[in-house]
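Colleague: Sequence:
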Amino acid sequence: MPKVSVLLPVYNTAEAYLRECIEGILGQTFSDFELIIVNDASTDANVERVVKSYDDPRIRYYLNEKNLGISETRNKLIDLAQGEYLAVHDHDDVSVPERFEKQVKYLDTHPEIGVLGTAHIEIPKNKVVTHPLTNDEIEERLMYDCPLIHPSVMMRKSVLIETGVRYDKAFFPTEDYNLYLHLIGKTRFANLPEVLFKYRKHDTNTINKETKQIREIERRVFAYLESEHPDLWRKAQANHVRVTKISLFGIPVLKIKHFQTTTNYYLFGFIPVASVYSKITAKGRL
560 MPKVSVLLPV YNTAEAYLRE CIEGILGQTF SDFELIIVND ASTDANVERV VKSYDDPRIR
620 YYLNEKNLGI SETRNKLIDL AQGEYLAVHD HDDVSVPERF EKQVKYLDTH PEIGVLGTAH
680 IEIPKNKVVT HPLTNDEIEE RLMYDCPLIH PSVMMRKSVL IETGVRYDKA FFPTEDYNLY
740 LHLIGKTRFA NLPEVLFKYR KHDTNTINKE TKQIREIERR VFAYLESEHP DLWRKAQANH
800 VRVTKISLFG IPVLKIKHFQ TTTNYYLFGF IPVASVYSKI TAKGRL
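Using this note's numbering, you'd call the opening residue of the sequence shown number 560 and step up by one each time.
One should not assume that every hint holds.
Said to hold, decoys possible - Computed cross-link-like contacts, DMTMM-like style, restricted to lysine to aspartate or glutamate with a CA-CA straight-line distance of at most 25 Å:
#1 684 <-> 657
#2 760 <-> 704
#3 562 <-> 667
#4 684 <-> 591
#5 562 <-> 624
#6 728 <-> 657
#7 562 <-> 638
#8 686 <-> 579
#9 635 <-> 579
#10 562 <-> 704
#11 716 <-> 790
#12 664 <-> 574
#13 716 <-> 574
#14 728 <-> 753
#15 728 <-> 624
#16 611 <-> 574
#17 745 <-> 638
#18 664 <-> 631
Unchecked claim - Taking CB as the label site, the calculated pair distances span:
#19 744 <-> 575: 24 to 32 Å
#20 752 <-> 571: 33 to 41 Å
#21 717 <-> 695: 20 to 28 Å
It is worth saying that the hints were derived from the structure and are not from the lab. Every residue gets a Cβ at the ideal spot worked out from N, C-alpha and C, and that includes glycine.
Construct all of the structure, not just a fragment, from the sequences and the given hints.
Modeller: In structure tokens form, the structure reads like this:
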């Protein structure tokens, strides 16, 4: 059995991006892996042609008979995986050559860690983005944001098997964030400080097109966090809520409470009168 299963869902991917993605995986310094590619019923026949142009025994290719969507396709990839570790990947991003080697070495020597991300560089702007490194920092950040860049993550398959946690299509396009939230307390998280992944940020990123839907998901997520992880939730609130009070002739007139993407206004400090939502960017995940 391979040590690592690389999980690659593809759908109508531009040929240049898909080739760069696959070649980045096949060119890893760590070679004990299988590359599982699931084509989610692409309408572009070039996707299958590109995949089949690579003659590498580590590639396993599957075609969905109908479009399942990204969450169900990722779950199918998990079920197909034979490796101890699962390397998540997206079809238009690029892993640097040492990514798998460094992540496997870390997981082998840190058995308590079940989810491991890395720093990344945004392309084409070549902007380096770092993330909190320790479990405590990551868990607190998860209360209001996603500090793990999903396609850079390597996970222990055993954690998903033992917990039964999977991607939930009801939380699309933030199904990865929801998965991490349901792993809090069941495993530990970490990020490597090295830049081991190139994340392609462009106008067609799903996250950029679903702001209204994300707002609805945000409400459900925050309710879940407050219920299931009250201590972490209160800590995040205490550390990250900004409050502004406006008084007139010494009388409190308005309290403004800002937490991440939402600003709430309270008349006389306690009567809710308005709520303003800020647009989420591709990097900001809730």
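Colleague: Of the numbered hints stated earlier in the document, which are not met by this structure?
Modeller: 4, 5, 6, 10, 11, 12, 13, 14, 18, 19
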